[in-house]
Amino acid sequence: MKWSQAYIPTLRDVPQDAEIPSHQLMLRAGLIQKLASGLYSFLPLGLRVLHKVENIIREELNQRGAQELLMPILQPRQIWEKSGRWDVVGDLAMKTQSREEKEFILGPTHEEIVTDLVSKSLKSYKNLPINLYQIQVKFRDEIRPRFGVMRAKEFVMKDGYSFDASEEGADKNFDLMHDAYNAIFTRCGLNYKSIEADTGVMGGSKSQEFTALADAGEDGVVECDGCGYAANLELAIRKPQELNGNSSDSTELKKVPTPGKKKVKDVTAFFKTEATSLIKTLIYEVDTKPVAVLVRGDQELSEVKLRRVLDATDVVLASEETIQKVTGAPVGFAGPVGLDSIPLVADLSIQGMTGAITGGNAPDSHYQGVDLERDCKIKQYEDLSTVVENDLCVHCGKALKIRRGIEVGHVFKLGTKYSKSLGALFLDEKGKENPAIMGCYGIGVSRTVAAIIEQNFDEGGIVWPMAVAPFQVVITIVNIKNKSQLQAGEKLYKELTDAGYDVLLDDRNERPGPKFKDADLIGIPVRVTIGKHIEEGNVELKKRSESDFSLIPIKDVLKSLV
RNA sequence: CGGGGUGUAGCGAAGCUUGGUUAUCGCGCCUGCUUUGGGAGCAGGAGACCCUCAGUUCGAAUCUGAGCACCCCGACCA
1 MKWSQAYIPT LRDVPQDAEI PSHQLMLRAG LIQKLASGLY SFLPLGLRVL HKVENIIREE
61 LNQRGAQELL MPILQPRQIW EKSGRWDVVG DLAMKTQSRE EKEFILGPTH EEIVTDLVSK
121 SLKSYKNLPI NLYQIQVKFR DEIRPRFGVM RAKEFVMKDG YSFDASEEGA DKNFDLMHDA
181 YNAIFTRCGL NYKSIEADTG VMGGSKSQEF TALADAGEDG VVECDGCGYA ANLELAIRKP
241 QELNGNSSDS TELKKVPTPG KKKVKDVTAF FKTEATSLIK TLIYEVDTKP VAVLVRGDQE
301 LSEVKLRRVL DATDVVLASE ETIQKVTGAP VGFAGPVGLD SIPLVADLSI QGMTGAITGG
361 NAPDSHYQGV DLERDCKIKQ YEDLSTVVEN DLCVHCGKAL KIRRGIEVGH VFKLGTKYSK
421 SLGALFLDEK GKENPAIMGC YGIGVSRTVA AIIEQNFDEG GIVWPMAVAP FQVVITIVNI
481 KNKSQLQAGE KLYKELTDAG YDVLLDDRNE RPGPKFKDAD LIGIPVRVTI GKHIEEGNVE
541 LKKRSESDFS LIPIKDVLKS LV
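Position 522, counted from 1, in the first sequence is what my numbering calls 522; the numbers after and before it change by one each time, with no gaps.
The set of hints was computed from the structure by calculation and includes no laboratory data. Any given hint might turn out to be false.
[As the list claims (entries may be wrong)] Below 20 Å or equal to it, Euclidean Cα-Cα: the simulated SDA-like pairs (lysine to any residue) are:
hint: 1; residue 1: 265; residue 2: 330
hint: 2; residue 1: 120; residue 2: 428
hint: 3; residue 1: 491; residue 2: 552
hint: 4; residue 1: 417; residue 2: 90
hint: 5; residue 1: 494; residue 2: 4
hint: 6; residue 1: 494; residue 2: 472
hint: 7; residue 1: 532; residue 2: 508
hint: 8; residue 1: 254; residue 2: 363
hint: 9; residue 1: 289; residue 2: 355
hint: 10; residue 1: 491; residue 2: 6
hint: 11; residue 1: 483; residue 2: 510
hint: 12; residue 1: 543; residue 2: 457
hint: 13; residue 1: 153; residue 2: 33
hint: 14; residue 1: 239; residue 2: 228
hint: 15; residue 1: 379; residue 2: 282
hint: 16; residue 1: 559; residue 2: 495
hint: 17; residue 1: 120; residue 2: 420
hint: 18; residue 1: 2; residue 2: 398
hint: 19; residue 1: 120; residue 2: 153
hint: 20; residue 1: 543; residue 2: 562
hint: 21; residue 1: 430; residue 2: 457
hint: 22; residue 1: 82; residue 2: 119
hint: 23; residue 1: 95; residue 2: 143
hint: 24; residue 1: 559; residue 2: 533
hint: 25; residue 1: 494; residue 2: 478
hint: 26; residue 1: 542; residue 2: 531
hint: 27; residue 1: 483; residue 2: 553
hint: 28; residue 1: 82; residue 2: 63
hint: 29; residue 1: 491; residue 2: 535
hint: 30; residue 1: 398; residue 2: 238
hint: 31; residue 1: 417; residue 2: 228
hint: 32; residue 1: 82; residue 2: 313
hint: 33; residue 1: 532; residue 2: 512
hint: 34; residue 1: 398; residue 2: 143
hint: 35; residue 1: 420; residue 2: 129
hint: 36; residue 1: 272; residue 2: 288
Taking the hints into account, I'd like the entire structure generated from these sequences.
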């Protein structure tokens, strides 16, 4: 491509509405353009990168026996009712209607469609395994789109699905895809981790998230340097801690007036004690039923853990009215003592606690000297709180680290949830009918592009890894009015292009400054500068990732690229 | 949806407190000449319904009200 003819609208200033590096750079380098919140066009340069990532995905998946197909984006309501997910997906999906007022959603994911599709041809165990994938635009009515293409309403996703006759087969496919994802993200040049994750609305038994480590990431990643344990912050576990909450002198149950002291900070100040001797009582609505959840004052509740422990689909903090009704007190004064009307679930951090301070279940009051065993009827103790930095690893006892990450891929063992409800059944060797055992595998392709930038940039702009760079080489002609420079540039351009390289020839009538700046900004890995040294037959070869360059004969350029 | 913030030319900003000629600056863009190794110089030029609607006023970018859009923090997720 000749730059003089290319559509690469670069920006000198950082657009005001971009916050994180990848978003700023994608806009500045002319990779994307915003239409509205969460909606972006991929410009030619951005699309080149997207295609490179897609092709890496295709190569690695095809090589492992997965086959590409393309399914409709528009999906009728009925199929989602059949799987029982219409209610769950209702908030997530963009909905639309046809002229006959038939309801459709714009596909947020394709478990229903692919399972229905396979069900129509699946007869025997001899048809299995089946492993299908597609690369397509997905739609999700995000509550808050942000960070450019990182969390968009419309994004490119690779979604894949496997069907097996046995658990062993399903495990094998899961491992195969896990392996493929390792290969894919490695080739994309990402620093990533495969971590234990929650299955969310997908359902299923096991899931691993592929997370690119980056400060701008939205996910917390807990890792152990000692044994390699890694998990999403929302479900990471740790070694149970020693109790240190018995700091109150008295264990005599006493109700104390505490006007206006609602927050942990206010209450600890009032009682002149530490947050560890407080018990927070949170009223949740778990699948619409109120439940009291108890955690120590210094701990944070993980809603994901709560949901998993209670085997619920929906947990939300209760409304003020519900709290008032259930506890008899306004928000901030709930406590476990005498709270018998609803189930109490407690975090392990408070098991056996005595001399604790809790809400009084009455306006402006707290209990002091609470002995959980003696004073409360707690149904179960579970691990419900969120790991914090330097908690100890449950496997090896080393201090845990917390980092930020971007979820770029996710693999699930789905089981038979969809094959049962949508009738993907087969006859086994004994002639018995069984549902196929499924797995599903997603990669956020457009998000992966953003994640790569998030890990590969400097003050000058993007620094693409070779495998995903929109162009591998940029030939910068310092002065196109100099005939020998121009001719040498065009000749080299042809030579490298013929050799199979993606080459950008900067033949614009600009001064060298803007050309160098632009080349750096769009991050082309190798720059060949044709300038004054061409008179001696030499050109400069410079890597984007390095500050030094070498002067070499122009005839050696191709050779030095390999 | 709750909390915080922003909206002035393609991009980035000033002006608004205290209303008053033709709305200012930098970058970018167009023409000409010069220049050509890290965002050139000179000269000339184009480009703005000051987010929208309503109100106050002789007069509104500026004051008031309503609305819209966008960004950030939280619940959702590739």
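- Query: Within 20 Å, alpha carbon to alpha carbon, are residue 2 and residue 398?
  - Reply: Between residue 2 and residue 398 the Cα gap is close to 55 Å, so the pair fails against 20 Å, i.e. violated.
Is it true that the CA of residue 483 sits at most 20 Å from the CA of residue 553?
-> Satisfied, since the Cα-Cα distance of roughly 18 Å is no more than 20 Å.
* Take the C-alpha atoms of residue 120 and residue 428, compute the straight-line distance between them, and say whether it is at most 20 Å. => holds, 17 Å
TODO: For the pair we were handed, residue 82 and residue 313, check the Cα-Cα distance against 20 Å.
DONE: Holds - the C-alpha atoms of residue 313 and residue 82 are around 18 Å apart, at most 20 Å.
Against the 20 Å threshold, does the CA-CA distance of residue 542 and residue 531 hold or violate the hint?
holds, 13 Å
- Quick one, are residue 82 and residue 63 close enough, alpha carbons at most 20 Å? violated, 34 Å
Residue 543 paired with residue 457 [C-alpha distance capped at 20 Å]: holds, 14 Å
| message | Need the status of pair residue 430, residue 457: alpha-carbon distance at most 20 Å? | response | violated, 58 Å
Review point. Are the Cα atoms of residue 559 and residue 533 separated by 20 Å or less?
Key: Between residue 559 and residue 533 the Cα gap is close to 19 Å, so the pair holds against 20 Å.
Worksheet item: Does the structure keep residue 559 and residue 495 at a Cα separation of 20 Å or less?
Response: holds, 11 Å
Check your understanding: Does the structure keep residue 532 and residue 508 at a Cα separation of 20 Å or less?
Key -> Judged against 20 Å, a Cα distance of about 17 Å means the pair holds.
| Taking 20 Å as the top limit, are the C-alpha atoms of residue 491 and residue 6 close enough? | Between residue 491 and residue 6 the Cα gap is close to 19 Å, so the pair holds against 20 Å.
The structure fails to meet hints 9, 18, 19, 21, 28, 31, 34 and 36 from the earlier list, while all remaining hints are met.
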